[in-house]
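Asks: Chains as they are written, first to last, in my numbering: chain P, 61 to 359; chain G, 328 to 762.
Worth flagging that the hints you see were computed from the coordinates, not collected in a lab. Don't take every hint at face value.
[Unchecked claim] Simulated coverage check for chain G against chain P, where a stretch passes if three residues somewhere in it have a Cβ under 8 Å from a Cβ of chain P:
| # | segment |
| --- | --- |
| 1 | 421-429 |
| 2 | 465-477 |
[As the list claims (entries may be wrong)] Some, not all, of what chain P presents toward chain G, calculated at C-beta under 10 Å:
| # | residue |
| --- | --- |
| 3 | Asp90 |
| 4 | Arg95 |
| 5 | His97 |
| 6 | Thr110 |
| 7 | Pro114 |
| 8 | Pro142 |
| 9 | Arg150 |
| 10 | Arg243 |
| 11 | Asp275 |
| 12 | Leu276 |
| 13 | Ala279 |
| 14 | Asp283 |
| 15 | Val286 |
Since we're looking at a predicted model, the values are computed, not measured. Glycine residues also receive a C-beta, built at the ideal position from the N, C-alpha and C atoms.
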Amino acid sequence: MDEPIIEALEPPKPAPTGLNIVVCIKQVPDSAQIRVHPVTNTIMRQGVPTIINPYDLFALEEALRLRDEYGGQVTVLSMGPPMAEDALRRALGLGADKAVLITDRRFAGSDTLATSFALTAALTTLAEERPIDIVFTGKQTIDGDTAQVGPGIARRMGLNQLTYVSAIDSLDLAAQGIVVRRRSEGGVQVLRSKLPCLITMLEDTNTIRRGTVQDLLRAARADVTVWSAEQAGVEDPMKCGLRGSPTVVKRVFAPSPRAEKAEMVTVEGKTPAQIGDALIDLLFARDPKLEAVVTAAAR
Amino acid sequence: MTDHFDAIVVGAGPSGNAAAYVMAKAGLSVLQIDRGEYPGSKNVQGAILYSDALERIIPDFRDSAPLERHVVEQRFWMLSEKSHTGAQYRSDDFNEEKPNRYTILRAQFDKWFSKQVRAAGAILITETTVKDLVKNDAGKVIGVLTDREGGPIFADVVVLAEGVNGVVGQRAGLRPEIKPNHVALAVKETHFLPEETIRERFNLAGEEDGVVIEVIGSVSSGMVGTGFLYTNKESISIGVGCILSDFAQTRVPPYELLDRFKRHPSVAPLLKGAEMKEYVAHLIPEGGYDAIPTLTGDGWLIVGDAGQFVNAVHREGSNLAMTSGRLAAESLIQLKAEGKPVTNENLKLYRDKLADSFVMKDLKKYRKVPHLLERNRQLLTTYPSALNRAFQSFLRVDGVDKRTKEAEALRDLKKARGGWLRMASDLFKVARAWR
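All chains, please: the whole structure from these sequences, using the hints.
Replies: Take a look at the structure:
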């Protein structure tokens, strides 16, 4: 029975304390500086500066605040081309502790389904190292605008999803519980959830900090972990990239301005009701069909 | 933890990148600090890249740098209200394997240059403004303070590559505030045009060939200034710049000057149908040799626009910037190798290298030109107009005999300038300034 003795001789590893948070970020073209090619109508990406999806910065700041209060670490995770490393490095400069980029030709052409699948694989691989307490994402990206990737990850990882969160009211590390405010139609919901969970942060809920000189120097020197699909733990490449994306972009076009010109009409009346009646009479006189439709619907 | 570097370079323009690249390549630890969102986001130029200066830093830059067109033709225009008299030089010799001049778009070029700097081993931090220099008790510069928390960052030397209006050197009392008559204010627009259209309008053989037009005369509306028009791959850069004190005096808004230039009958057809993509403004140091500030001190030195290294006559600046950056770097590398401290005395090495280079030699050659133009506005107004009138009369066939025409042209010129003596004096002054 030698084994227990050998184990005892190894220095005890200090158990990690605090929260393990992963923030998913995306590098997007700076929409303020995007230009459309006058001839081909396609977006000219060449030379357009890239930024971290602005919504993700609210998620990152919220994650950093939780880390500062409860301890632990914040990892930023992104799927994208090799140049997305810039966005991760910038996140490190804002105070994140670790950065992981999953990049692979097989990820090219991913829609939201394939993206959430790939990110889930990477998150699962990260969780093997140390269980994740909270996954943060922004509300949505400014280039896709779907708000589907966060919920997609939550579903695949089996996490409670707290979307459109405007504030984190409290967090109890020992009891593994969290209370957040969520914007919903017609009001604010106060939700209690178990950890681990996934939170998508609303905009304007906080202000991203300015990293210190040391943060920036650390970010400039840091190694960003780069994983291929395989290293990220993707088991089924058919679920990746174009092949794993049921969404197909059929056509991109710039809407042409409407041909008919707007016209200003003037009616007179003493009371708002009189003005309203006069206006309706005028419109019906111009367009009898409209009158028929409206009166039929009113009956 | 305090960080200590061999050198801190303030600014990521041509001079700062050149200095940082050369030092990092030689194994020095270099920190470069830029206030822009990304390196070069605040940088503005016409822009022409002069290959030679960059070649001496990155010999194979053509393999990866984003270049627009190489210049095969240069036009010089003397503008009057409705006309221009021009000279142009075009040569197939410029279609060489390693062309001498290129048009570039600075936003892209600077990003590329910065990438090379980082690949060489320098550390870059952006969105960070250097607020002040840190000095020790003896007054030697030993580091910088930024607008971020985390205290000062230390280095053996601070290279001030902060551009024409950099305030670090000014605030630290190392260089005087720039004078309004020592800088030009230039405004520039970039207009999109399809590649084939540019090729046709400028009579170019390929999408790599480009034309440069430099303009004097009515373009500056009596102020000391010039205009330009450069062809890029899919766009045209057009701009005009005049001495800042002239703008202040005439109260002409710079954009109005540019609009007038764009509407000029010689220019408008070149821009027809183009879509404006970008509007920028920038200061250009044009005070020449006499405006150069003190360039070195204990623990610091100045490179690029901050040192007024612009040859306004030949429209050269970025090459002087890169060369001064390179010479500064080479001097600092040598000092480090010899184990010598970066004192003002030891930085004589840099001052000597500069004096020996075309940078100082050219600035010295044209030393009198800024003063000459400031005091002799007629050179940019009277003469171009008279020249245009003379050419028109020469070419117009209207029954007047040639001898009368010639006599009229001469009388016109004499009247415009107010006598032969004044003209002779102008000629003498120009010749003396040019020498």
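Asks: Next step is simple, just say for each hint if it's right about the structure.
Replies: We went through each hint and held it up to the structure:
1. Remark: the segment 421-429 of chain G is not confirmed as covered by chain P, as 0 of its residues place a Cβ nearer than 8 Å to a Cβ of that chain, below the required three.
2. Counting residues of the segment 465-477 of chain G whose beta carbon lies closer than 8 Å to any beta carbon of chain P gives 4, which reaches the threshold of three, so the coverage claim holds.
3. Interface restraint check: P:Asp90 against chain G, minimum CB-CB distance 9 Å, threshold 10 Å, status holds.
4. Interface hint at P:Arg95: satisfied, since its Cβ lies 6 Å from the closest Cβ of chain G, which is below the 10 Å cut-off.
5. With its C-beta approaching chain G no nearer than about 8 Å, P:His97 sits inside the 10 Å limit, and its interface hint holds.
6. With its C-beta approaching chain G no nearer than about 9 Å, P:Thr110 sits inside the 10 Å limit, and its interface hint holds.
7. With a least beta-carbon distance of about 13 Å to chain G, the hint placing P:Pro114 at the interface is violated under the 10 Å criterion.
8. Of the supplied interface hints, the one on P:Pro142 is violated, with its beta-carbon coming no nearer than about 13 Å to a beta-carbon of chain G, more than 10 Å.
9. For P:Arg150, the shortest C-beta to C-beta distance to chain G is roughly 9 Å, which falls under 10 Å, so the interface hint holds.
10. With its C-beta approaching chain G no nearer than about 30 Å, P:Arg243 sits outside the 10 Å limit, and its interface hint is violated.
11. With 10 Å as the threshold, the beta carbon of P:Asp275 comes within range of chain G, its nearest partner Cβ sitting at about 8 Å, so the hint holds.
12. The beta carbon of P:Leu276 comes within 4 Å of a beta carbon in chain G, closer than 10 Å, and the hint placing it at the interface holds.
13. The closest approach between the C-beta of P:Ala279 and any C-beta of chain G is roughly 8 Å, which is under the 10 Å cut-off, so the hint is satisfied.
14. A hinted interface residue such as P:Asp283 counts as satisfied when its beta carbon comes closer than 10 Å to some beta carbon of chain G; here the least separation is about 14 Å, so the hint is violated.
15. With a least beta-carbon distance of about 17 Å to chain G, the hint placing P:Val286 at the interface is violated under the 10 Å criterion.
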